[in-house]
Each structure stands twice: as C-alpha cells, then as structure tokens.
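S.K.: Relying on the hints, combine the two individually framed chains into one complex.
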Amino acid sequence: MSDIALDKPLETFDEQAVPATQVRGYWQSVFYRLRHDPATLFFAAIVLSIVLAAIFASLIAPFDPYKESVISRLKPVGWKDHLLGTDELGRDMLSRLIYGGRVSLLMGVVPVLIASLVGGVLGVIGGFAGGRINTAIMRTMDVFYAFPSVLLAVAIAGAMGGGIVNGMLALTLVFIPPMCRVAETATTQIRSLDYIEAARATGAGTLMVIRYHVLGNVLGPVFIYASSLVSVSILLASGLSFLGLGVRPPTADWGLMLSTLRQSIYVVPFVCALPGAAIFVTSISFNLVSDGLRTAMDVRM
Amino acid sequence: MTHAAELDPRAPDPRDRGGPAQPLLIATDLRKHFPVKGARGKSVQAVDGVSFTVRKGETLGIVGESGCGKSTLARLLLHLVVPDTGELVFDGDAVGAADGIAINALRRQVQMVFQDSYSSLNPRMPVRDSVAFGPFIQGRKKAQARDIARAILGKVGLDADVFGPRYPHELSGGQKQRVNIARALATEPRMVILDEPVSALDKSVEAQVLNLLRALKRQLDLTYVFISHDLNVVRYISDRVLVMYLGRVVELGPVEAIFERPLHPYTKALLASRPSMDPAHRIEEPPISGDPPNPIDPPSGCRFRTRCPFAEAVCETTTPALSDWGVIAESHIAACHMHDPNSGHSHSGHTDSGQA
Numbered sequence: 001m002s003d004i005a006l007d008k009p010l011e012t013f014d015e016q017a018v019p020a021t022q023v024r025g026y027w028q029s030v031f032y033r034l035r036h037d038p039a040t041l042f043f044a045a046i047v048l049s050i051v052l053a054a055i056f057a058s059l060i061a062p063f064d065p066y067k068e069s070v071i072s073r074l075k076p077v078g079w080k081d082h083l084l085g086t087d088e089l090g091r092d093m094l095s096r097l098i099y100g101g102r103v104s105l106l107m108g109v110v111p112v113l114i115a116s117l118v119g120g121v122l123g124v125i126g127g128f129a130g131g132r133i134n135t136a137i138m139r140t141m142d143v144f145y146a147f148p149s150v151l152l153a154v155a156i157a158g159a160m161g162g163g164i165v166n167g168m169l170a171l172t173l174v175f176i177p178p179m180c181r182v183a184e185t186a187t188t189q190i191r192s193l194d195y196i197e198a199a200r201a202t203g204a205g206t207l208m209v210i211r212y213h214v215l216g217n218v219l220g221p222v223f224i225y226a227s228s229l230v231s232v233s234i235l236l237a238s239g240l241s242f243l244g245l246g247v248r249p250p251t252a253d254w255g256l257m258l259s260t261l262r263q264s265i266y267v268v269p270f271v272c273a274l275p276g277a278a279i280f281v282t283s284i285s286f287n288l289v290s291d292g293l294r295t296a297m298d299v300r301m
Numbered sequence: 001m002t003h004a005a006e007l008d009p010r011a012p013d014p015r016d017r018g019g020p021a022q023p024l025l026i027a028t029d030l031r032k033h034f035p036v037k038g039a040r041g042k043s044v045q046a047v048d049g050v051s052f053t054v055r056k057g058e059t060l061g062i063v064g065e066s067g068c069g070k071s072t073l074a075r076l077l078l079h080l081v082v083p084d085t086g087e088l089v090f091d092g093d094a095v096g097a098a099d100g101i102a103i104n105a106l107r108r109q110v111q112m113v114f115q116d117s118y119s120s121l122n123p124r125m126p127v128r129d130s131v132a133f134g135p136f137i138q139g140r141k142k143a144q145a146r147d148i149a150r151a152i153l154g155k156v157g158l159d160a161d162v163f164g165p166r167y168p169h170e171l172s173g174g175q176k177q178r179v180n181i182a183r184a185l186a187t188e189p190r191m192v193i194l195d196e197p198v199s200a201l202d203k204s205v206e207a208q209v210l211n212l213l214r215a216l217k218r219q220l221d222l223t224y225v226f227i228s229h230d231l232n233v234v235r236y237i238s239d240r241v242l243v244m245y246l247g248r249v250v251e252l253g254p255v256e257a258i259f260e261r262p263l264h265p266y267t268k269a270l271l272a273s274r275p276s277m278d279p280a281h282r283i284e285e286p287p288i289s290g291d292p293p294n295p296i297d298p299p300s301g302c303r304f305r306t307r308c309p310f311a312e313a314v315c316e317t318t319t320p321a322l323s324d325w326g327v328i329a330e331s332h333i334a335a336c337h338m339h340d341p342n343s344g345h346s347h348s349g350h351t352d353s354g355q356a
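Listed in order, the protein sequences are those of chains P and D.
Numbering-wise (my numbering), the first sequence opens with residue 1 and increments by one.
Numbering-wise (my numbering), the second sequence opens with residue 1 and increments by one.
These aren't lab readings, by the way, just hints derived from the structure by calculation.
A hint or two may mislead.
[What the hints assert, rightly or not] In silico SDA-like pairs for lysine to any residue, Cα to Cα no more than 25 angstroms straight-line: (1) D/Lys37 <-> P/Phe128; (2) D/Lys203 <-> D/Tyr118; (3) D/Lys42 <-> P/Gly130; (4) P/Lys80 <-> P/Ile265.
Same shape as in the complex, but just chain D (with noise of 0.2 angstroms):
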C-alpha cells in the first residue's frame, strides 16, 4: 500500500476489485432504531430502510434538515453504530460477512471527517501524532507512521514543521478541520465520508476548505460522501444528491434534475427556504411550517404527510417507495405518490416534472 494515485495518477488502485463499473458502497435497507429510556417499547427510528449506491470516484451529497438521521448514516456505513438490518456491499465484498470484507478491512479503505473539529481532535496530543495514529495503527513503525503524517499534513496545506508539533487549541477552526482532514486520509482510504465538515467554519474558511477538498478528491482518486445541511455547499460540491427526511430518503438524484427539478414535495420546500440574494424575491412565508415530528412516533405512510400541502388519504395508508436504488447513474428518484401513476393520488401522473 503506497501512495499509487500521488507516484502516478492513472495508476489503477490495486485494490480496485470490481471496476469502475461496480459501484463503491451497496447500502441496502439499513435501519437503526434507538431504544428509548423509560419507554418500553418505543425507539428513535432515527435510520428507517435506507438504501443508496456510492460509485467510484462521486461525490454524492446527503441533505436534510437537523435530526434526519444524516449522522446517524453516516456512522452506519463505518460500522461506528451497528446496523439493527440491513447490509452493506463494499467494492463487491458484503461488509462483515464470512466471505466478505471484515469491518476492519473496511475501516482501512472508509475513513470519516467529523463536524465538530475539535473534539474530534486529542486535546492532549500534538496535531501530527493524531495524524500518524492511523497508519501506525494499521501496522507502521511510528517513524514511519510519522512520515506519513508529514507528507499528508503538507498535503492539506499545514506546514508540517510549524503546525505539526502544536496542540488543537493553538489551532484556528480552520486549520483544526485541514487537520482532521489529513488524519482521515492518513491511512490512504478510498471513500471518505464527510459529516459537516464545513458548517462549524466561517464562510471564507469553508470555501477554503471545500476547494481543498475537491483538489484532494481530483489528486488522490477519493469518493466521497458529503453530508451537509446547507444546499449550497453540497450543490458545489456533490455530483449526486440524496434527500432524508426523518431517517428515510425522499429524493435522490443529479446534483442538477434534484436543484433544478426537484420531484417531491420536500425537496422543493427546502429549496425554496433557501435565502433569495434578490431582495425583490425576499420570502415572507416558510414554505414549510413547524417542526418535524417526532422520530419516536413518526406518521403512518408518507412521513412528510403531516407538513406536505399536497397530502391526500392514500399518503396516510400506504408507504411511498423509492422505485429503484439510484444504480443507473442518471435516474432521477423520489419516494411520493404523486409520481406513481397508480398510486391512486389525485396528482398523481400529471407533476410538472415527471421522471427525468
């Protein structure tokens, strides 16, 4: 394992095993429901049945509002929370499974960037120890451990030499996320996932960083996932969009048919409570009203139902389904009924986009 992609870039990864044609990360129906303290019986459904393909060499994007269960999806995919269902298919290999990858095999080609960027940082630990700590984890001798972290930390654009040894409260904001940026890479992963990484940064920070991040990807042969609650960020960043609402997805897509066309309901309200730079187009109304519901006690059928302007009986009854997984790269997703012709809602069959 050296740095193939920095000697020769179009080196193919000799740990590519499918092609590109096998997409990165299969995740399928995966659930995680948190039991709740004093309540017997009753659980968070903070991640209820979702499934997605990352594919080689994207960035596919995660939105939704706070306490959709972003996070929690995040973890998932890296084993941090254990699945209560579901499966995960890294590269081919079924994660996990007796003939598939061990979760610590995947930990060496998935590793994740936190949001807040310092207490995911070792207080008592100078910056480029936190950074060697993975790859002398994953086997190096600590001088060699420490080269690495070097060489990633220049990477990132931090000189090795004065930041290295400094503690991440001498650090600003900024220079902290670079940091856990170049420990997440430390141990040359393919896919890294990024769970807020800019939303604690200033906004010239954030832009700073994002380039970073888009040069990284481009230089190391990265994919990413790239969870944000801001829908700017991800539509610069993201080639691909997922949309949650309270743990399930209700929209995935390109970056462009979701920004520009989006099908459900949802998403169209949250683009709309977007800030207008045109203050003719100042919003008066919030598109949509009051809070989401409780996880522990979601509504029946479509849980957008309560907030959604369209809402009919049939959205009460009958869960809304995703048609497919998003496999085919230009299929354009979204779980409402007003895109199912049979689904029986007065809508449905005559939306102003339809399928892409």
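Isolated chain P, as found in the complex (with noise of 0.2 angstroms):
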C-alpha cells in the first residue's frame, strides 16, 4: 500500500490536476446515501404503505367500516371474514383501521405543514431581522413554550369545540413556536456568516439574500424537524380524540377506537389493542424515517 504512493513521482501533484470525484449535486447525494441505509428504506416502506392503504382505503378495505352488526360483536381476531375481530358494535376492525389511517395522517401531516410554514417565516424573518423584532416574536413563543404541549392542545381544543377543524387548528399552534426556534436559530448561526456579508457586498436586498442564502440553509433543519412532528401529532392527535376532543364518533379513528374499546379489553384484549398499534408502528416509521433523512442531509459529513 505504502510504497506505491511513493513510488508516484512528485510532479503527478498538481492542484489543478485532482481526478474529479463523481460531482453529484445535493438532492443526488442525499438519495445516495438514503439508497445504503436499509433500516431507513425499511420503515419509509412502512409509511409508504400506510400512505398507501389511507388514499386507496376504499378499495383495500374488506368491510364497510361503518356497517354495524348485533350478532357479531366484540369478535376476537380471525373470526370469520373479520381478519381482525370486530369492534363493540360490530364493525370490521380491519377496515377501520385502515380508513381511521386517513383522519390520523391527515391530522399527523397538517398541522405539522401549516406550523412549518407559518413558525418558519416568523423564525427566518425573527433570526435575520435580529434586535427588538427578534425578542419580540421569540418571547411570544416562549409564552406558549410555558405550557407543555399536550396541556396546550387539549386547552385549545377544549375551548374551541371537538371536531377535525378544531383539532387540527390545536396541534398547530401547538407546533408554531418550536419551528419557530427551529429556524430561527439555523437563520441567526447563518445571519452573521460571511458568506450573508458577500453577498450584501453584491448589492444584494434583504430578500434576494435570504431567498437564495438564508432559506437553503434553513430549509434543511426545519424540514427535519418537521418530519420528527409529524409522529408527535398523530400521538397528540390520537390523544385528543381519545379524551373526545378530536374526531367525534363514528368516524374513524386510531385514537377514538382506543378509547372505546378500552372497556372491552378482558372480553377481547388482543383487538383492543390494535388501534394502538397502528398509532405507535405509524408514529415510530416517521421517527426513524425523520432520523435517516437527518444523517443523509448532513452535507457536512
């Protein structure tokens, strides 16, 4: 190994002369390294399917999740046609798992969206802006921070009313003031980075500096951050329900199903305990998946 690096005569250095390494661009090189890490490939399956079987529940599902039946109730797994077991009332477990996917997806992902956005501009615009406008904005967040974040949201929710809307509309005030120190922290590490100051040498504005500057850099922490919410609503989610402050009956809901079924766990323990299964497997994927992208994205590594 060692002799033949020397055996290369000295005049091969050259600095301009270095091989060119495969050159990928950033997007390139993050699904590089995302294609060589089998655990994360494995759980974005999983998501993926739950994605998956959420859009095209109508067609997956074996039963209609809302048809009740009196005959049939609290089944154990595999009774019957009902792969799953039947719930208190006789409704195909399976299919309402998978249809109860759509609401807690759809309350996993958009809040978690709408407070990126909005936790995001107020951060970027707090962390550049610096001075008087940057307290002012933090220190509002960090009157919501006072509140742990499951209190805040039942608060929320209680005051407003149960409902899907009202829910959703928690969770993101929920989520705006930790985005909000998301990107405002990235924005201020950057503000004072040279490269902010060369290219307000360039005559640049406040706002072609941080479309072309600032929000690339941030973009990254913020969207990581972001995929590590979504796990985190659909728990709090799933727990408004629970407490009858989200989804309302009959629809349904990974959260809502746990908390009527509760009752029934000695006549039927192992159905009980599947919407709550659902919740954790759905809410670790995105964790880990979050996790894998956090390490693909470093583009410091």
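M.R.: Below, the structure written as structure tokens:
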C-alpha cells in the first residue's frame, strides 16, 4: 500500500489536476446515502404503505367500516371473514383501521405543514432581523412554550370545541413555537457568516439574500424537525380523540377506537390493542425515517 | 459594462471619472464605536478617526495586531458596517450623499474577499452559483451570469467544468479562496478589499494565491486594499503601507520607507518582532511586551504610550496627529510626538530618520 504511494513521482501532484470525483448535486447525494441505509428504507416502505392504504382505503378495506352488526360484536382476531375481529358495535376492525389511517395521517401531517410554514417564516424574519423584532417574536413564542404541549393542545381544543378542524388548529398552534425556534436558531447561526456579508457586498437586498442564501440553509433543519413532529402530531391527535376533543364518533380514528374499545379489554384484548399498535407503528416509522433523513441530509459528512 | 480590460488592456475604463490623479477612495475621519452590552455609555472604539487615501492602481497594505480594527475598517469601506461619523469619497463622488454615489453603486465597483474561505461560501450552493450570484443580482440573466462565472473561474485557475458544480466542502482551502476571489471579481469591480485573504492558508498555497492576486491586478487593472497581520506578505504585495494601532493610524508611507526607515516606535517594534532567518540573531526578548490596552477604555493622548519605551508626559496629554493624509505619493508620516518639532517631547527633532 504505502510503497505504491511512494512510487508515484512527485510531479504528478498538481492542485489543478486532482481527478474529479464523481460530482453529484446535493439532492443526488442525499438519495445516494438514503439508498444505502436499509433501516430507513424499510421504515419508509412502512410509511408509504400506510399512506397508500389510507388513500385507497375504499379499494382495500374488506368491509364497510360503518356497518354495524349486533350478532358479531366483539369477536376475536380471525373470526369468520373478519381478519382482525370486530369492535363493540360489530364493525370490521381491519376496515376501520385502514379508514382510521386517513384521519390520523391528516391530523399528523396538516398541522405540521402549516406550523412549519408559519413558524418558519416567523423564525427566519426574527433571526435575520435580530434585535427588537427577534425579541418580540421569540418572547411571544416563549409564552406558548411555558405550557406542556399536551396540556396546550387539550386547552385550545377544549376551548374551541371538538372536531377535526379545531383539533388540527389546536395542534398547529402547539407546533408553531418549536418550529419557529428551529428556524430562528438556524437563521441566527448563518446571519453573521461571511457569505451573507459577501452577498450583501454585491448589492443584494434583504429579500434576495434570504431567498438565495438563507432559505436553502434553513430548509434542511426545518424539514428534519417537521418530519419528527409528524409522529408527535399523530400521537397528540389520537390523544385528543381519546379524550373526546378531536374526531367525533362514528368516524373511524385510531385514538377514538382506542378510547371506546378500552372497556372491552377483558373480552377481546388483542383487538383492543390494535389501534394502539397502529399508532405506535406509524409514529415510530415516521420517527425513524426522519432520523435517516437527518443523517442523509447532513452535507458536511 | 464589458470586460474592457480584457479586450484591450490599455483601453481607459469608462467608469474612470476623475482621471489618474483623482484618488480612487478617500476616507476621512472614519469612526465606529460598538456599544458594550450592559455598560451604559461604554463602547469598543474599533475604528477611531481613520483617514487615508487609496490611489488608482496601487495596493495599500493595512497592518496591525489582532483587534486593532483592521477588519472593521474593511467593512466600513463597503458600508457593511455603517460608520458613526466620517466620509467616503469614491472616485470624486461622496458615498451616500445626494449628489454622490449610492451605496449600491459603490458595491458594484468595490468588492471584498474574506479571511475565512469556508464561511464565506454558501455550503448549500455549488461554487459556480456562488460566483454567478453577484452578476445575477446586478441585473444579468441567469445564463449570462453563469457564463461570467465560468470565465472568471478559469481566470483564477480553476477548471469550471471540474470545480464549478462542487460544493465548498469538496474543495481545499486554496481552491476555496480562489473561488472567493472569483466571486469578488465576477462583478467587475475596480477596487478589491482583501481582508486577510491568505492568513488561513499554508505557506505554499499562500504564495500561489498571492501571485494570482498580483497577476489579476495587472490583468484587470485593479486597486487593492490588502489587510494582513503578516508583515512579509504585506511587504511582498503592497505599494504603500498603513499601520494601525487600537483603531488609529500610527504610520503611513511607501512600503520600502516603512520597512527600511520606520518612524513610529510601534512600527519599529512590529518589524523587530518578526522572526529572524539567522539563528545568530534570534530574538530573546519581545520588542513590545503585554497585550494592547482594552479598546473600551483606551489610554489618553497617544494610545501606544502604555507600551512605548519613549513615552513622556506630553504623550499622555496630547494626541499626536498625522500631518497630512498621505495624498502626496512619497509622503511618509507617523503620528508620534517625536516627529513633531513643536511637541515638547525630549526626542523631538532628532530622530534617526525624520520626514522622508
């Protein structure tokens, strides 16, 4: 090994002539690293199948999730055609779980999306402006930070009344402060760097500097944090439904199903645990995919 | 605005308004004090009344210890830091004045190269886009800006096809600094402020970059303000040298005069502190001891008096003045009472070199 390196004549070293390693774009290199990360790929597949099942629920579900039957109440896993049993009103569990994924994903993704947008914009403004504007924005966020997120979500949803929309609104308000803080931290870190100054030195205005030099650097951390919040959002949404502050019956929702089935836990224990398992698997899959993304997107590896 | 210098090196630059005798930049009494948090009324006197001129086509070297206000001064020249007081005149036009040159117009003609080659490039941007950003901002179409970036990367010795699509972390320090130089030159400036451009590079790369800077200056008819703490580098590249101490100019003059016949005790001490190549003449005692005084509460009168071997009562009471601002090419001036026959300092009038 070492004598091969020594055999090379010195003259071949030339700063200009360093052979170009295969040059990839940023996103190309992210995908390259993702492709070589089997764990992330596995959980991404789970997330994808949950999403697909939710989208095509009407095609996949074997039964109508709202069709009740007095005769077939609380049947165990594998009873007749009901692969995962039935609930306390005799509705097919598998169908309800598939349909319930729709609400859970909606409640998981939409609040995070809106919160990243609002919180991200506020954070970039505060971080880039600095001084009093930043103090005003961040101290307002700190007020919301003072409450535990579950308590805050319950309080807001309780004050506005239940329902999907109010539930999502409550979750959005809960997620804006942490989102804002992530964007603010990232912006503050790069604001004083020389390349921002170099951009200003070419005569670029604030908006151009933010668009070309700040957003690209803030988007990464915001995206990674948002993807980890999706699982939290699903959990909180289920919690709200469980407490009767989110989705109303008879809509199929994992949190709500967990709540109504818990009285029957001694009758059909496995069936009762299914909505919880669905929440767990979905949320941990989102979490691990977000972890994998974080690693793959770290440009300075 | 084409690469006029490229087509015909001797063609006059249409942007040259004042002619060769008009200094490219006149800075008058620039002052910047940064308020200190938690101490009302106190401030760091980073730059305190600095005046000088930069003539067309010259390289003005600025030297001084760390923390003497060199980098703040560089940023003041581009209004990246807004001066508290003072005036800038670029090629005869007052910067920011109603009948003068707007700050954005100034930034088309003056560019800057930063010390830290890594943090001065956007890590999420291929370097060719970083170079193309300036022309794009100044009104070029994206494709045009990219062509300019290609050409200018070639000029600084980087193959645009190989290095253009790369990200900063895929380049070496020297290559990054070349990209930074390309970025500064992409907007076709007349003047480039180089803030310690080679301080972070190792010696062999430093020499390459310095030679590149000299070649570019000749080729593109540039004027440099070159900031460094490395005296040898400054001697190699500068035509005139300005020595700063604690936010003030202590000496200004042609490079040979400064290095061969320094006037100010601080300049003498700086020169004496250079490591000698001759082991027989190694320095055993530091020529100046201690750290520079705190710029929050600088000494009265002459700021160097706390470390100066010749300090007397007059140095405490009276601030020594620079007699003129070095408009005359050959003038060599120092802000020291020993060079003012009327100051009352016991050494005044019989220094070893006197006014050049």
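S.K.: Each hint: holds or not?
M.R.: Structure-based check of each hint:
1. D/Lys37 <-> P/Phe128: 20 angstroms, holds
2. D/Lys203 <-> D/Tyr118: It holds: about 18 angstroms lies between the C-alpha atoms, which stays within 25 angstroms.
3. D/Lys42 <-> P/Gly130: 22 angstroms, holds
4. P/Lys80 <-> P/Ile265: Satisfied, since the Cα-Cα distance of roughly 21 angstroms is no more than 25 angstroms.
Checked against the numbered hints above, the structure violates none of them.
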